[in-house]
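With chain W's structure known, arrange chain Y on it following the hints.
In order, the protein sequences belong to chains W and Y.
Mapping the first sequence onto my numbering, position 280 (from 1) lands on 280, and the numbers just tick up by one.
Mapping the second sequence onto my numbering, position 31 (from 1) lands on 31, and the numbers just tick up by one.
Wrong hints could be hidden among the right ones.
[Said to hold, decoys possible] Straight-line distance between alpha carbons at most 30 Å, and here's what the computed DSSO-like set of lysine-lysine pairs gives:
id	chain 1	residue 1	chain 2	residue 2
1	Y	Lys197	W	Lys252
2	Y	Lys252	Y	Lys321
3	Y	Lys252	W	Lys252
4	Y	Lys331	Y	Lys297
[To be verified] Only part of the chain Y face toward chain W is listed, based on derived beta-carbon distances under 7 Å:
id	residue
5	Glu254
6	Arg267
7	Ile270
8	Gln281
What the hints contain is simulated information worked out from the structure, not anything from laboratory work.
We treat Cβ as the ideally placed atom computed from N, Cα and C, and that holds for glycine.
2 protein chains.
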Amino acid sequence: MNRQITLTSRPIGYPKTSDFNVVEVPIPTPEDNQVLIKTIYLSVDPYMRGRLNAVKSYAANVEIDEVIVGGVIAEVIESKHPNFEIGDIVNASIGWQEYGVAGGDDVRKIDPTIAPISTGAGILGMPGLTAYFGLLEVGQLQPLETVFVSGAAGAVGSVVGQIAKIKGCRVIGSAGTDEKVDYIVDELGFDAAFNYKHVTDYHTELQTLLPDGIDVYFDNVGGEITDAVFPNLRINGRVVICGQISQYNLEKPETGPRFLWHMITKRARIEGFLVFDFVDQHPSALAQMAEWLQQGKLKYRETIEEGGIESAPAAFISMLKGGNIGKQLVKIAELDT
Amino acid sequence: MNRQITLTSRPIGYPKTSDFNVVEVPIPTPEDNQVLIKTIYLSVDPYMRGRLNAVKSYAANVEIDEVIVGGVIAEVIESKHPNFEIGDIVNASIGWQEYGVAGGDDVRKIDPTIAPISTGAGILGMPGLTAYFGLLEVGQLQPLETVFVSGAAGAVGSVVGQIAKIKGCRVIGSAGTDEKVDYIVDELGFDAAFNYKHVTDYHTELQTLLPDGIDVYFDNVGGEITDAVFPNLRINGRVVICGQISQYNLEKPETGPRFLWHMITKRARIEGFLVFDFVDQHPSALAQMAEWLQQGKLKYRETIEEGGIESAPAAFISMLKGGNIGKQLVKIAELDT
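Chain W with its partners taken away, still in its complex shape (with noise of 0.2 Å):
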């Protein structure tokens, strides 16, 4: 039987295990241009949050019922595919189950020669891309300059900052414990970072360990540590807009400072995006990041769940809480091969 989460209510607030459930249905079976995969790892990440409520996104929202969306790291084990061969490791969007069928072009190949398969859903997979074309493209960083990061020690957060050191910037990050603080700096190479928790002047904080400024702003979370960066920009300053985590689960909308003014005085901009709009351009840069992680110059952290596929529910929300440092995955199951 194939096991799959589905959604049984919206969640008001931080989503609770009650919010899903497990199902049992037959494993589907593959046709023409087809693969059935068995799913290894789930990748629980923060957008999925948003999914999950009535108001559609920029993609489908989950309906009540349905299986939870999601990315996985998964083994081809019956293809109807010419590309795909059983024991092919492929990261497909089949949701919350333990196998789903994928057409042959809506999956990507692993190498997994490179790195642990499990990085196709990190550094070497959407988190990592989403890292690479925020910060270069969006973010268009330039040597020298300055970064902050805020969700600095998550999948994504980490990379931008390892990015940026690689491009010769000085690099801050903000991150929810002391142990994701050390582990920024001592590990990943940051210059400096600060646990946002103990720190409650978010304001004079940016300034001491940027006295000249922010050039580029990666934002993974929102809120009052956003709000701090809007003075604190240097002249063309960037933010770039990836996450909004802190804003997630909250049961009534928050408001904040107006600061629109700012930018105009520092001839700033925003800019949201979505790592799906750089998808031409995927290959090069995962060759890029495959690259500088053979070389030792990116690393990476997982925080993986062992409890199966019904221990998926629980690691979304501990993730949404920033029980994570680094990748947060779900093991499902062993691989065949």
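Relative to the frame of chain W, chain Y by itself:
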């Protein structure tokens, strides 16, 4: 004698005439490469409000007892610069005074045969150029797109809408009186407009007037009208931050809804600018604007206060409260020639 308007006290909220003083000083003498000019028209503009605060902005603020900053249209009455002779009409930034000296490189000659010289402070001056570069360079307006401009009957907004119509776009505007709304639709050719003092639900109003959403929002006002734009942006929408006049005279800063999430779902961009950033392109833009004006494709109105230099504070305050249609000027003197 030369009469000047100086700052007596920093305004709290809307400026009062008692925040200003009239002082008499000797008429200055030009040195080598300078000209002595006599002010014909004084320009009062929203940006000046920021200069009266103690907080430094992109330019130095006005200190107590200093002359209020601002542009003038003036006549050269003595020249020690080889490129200028008596009777030349120039645009200069000598502030609120009847006479001033300026370096030859700091003044721009105006051709009085193209249009009335007052336009040198309006549609063929800083406000016109602000509209031009904001819409076409910052906003990257494309044919057939949809445009919303706030403060649409002002010196900048009225030009923004007309350039957008020249470019084949659908344009709507907001303004603060029914007379202004009629003016921009009936005389300037906006497709639609609304009086923001009579409409309560800006979100629905924008949705009704531009049901397919907004490609470019040219923001002169900020505040609640701007809040309503973000959910109505189209994919790849652009928000050009030119001014935030609704915020300049608040005694206490406002808060507003957080909207950065929309930047991601819409892959949208917010960008602030100053017209001076495009100074190299000013001559070619002015030539284009003059051509459109002579072809009848651009129209303009002016609101001229005739009370001389003493009336500048009152005209400034009236403009900040929306008393003007088109460019607000103060007539200071008649031409000698």
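Hint by hint, here is what the structure shows:
no., hint, verdict
1, Y:Lys197 - W:Lys252, "holds, 28 Å"
2, Y:Lys252 - Y:Lys321, "holds, 17 Å"
3, Y:Lys252 - W:Lys252, "holds, 24 Å"
4, Y:Lys331 - Y:Lys297, "holds, 27 Å"
5, Glu254, "holds, 6 Å"
6, Arg267, "holds, 6 Å"
7, Ile270, "holds, 4 Å"
8, Gln281, "violated, 15 Å"
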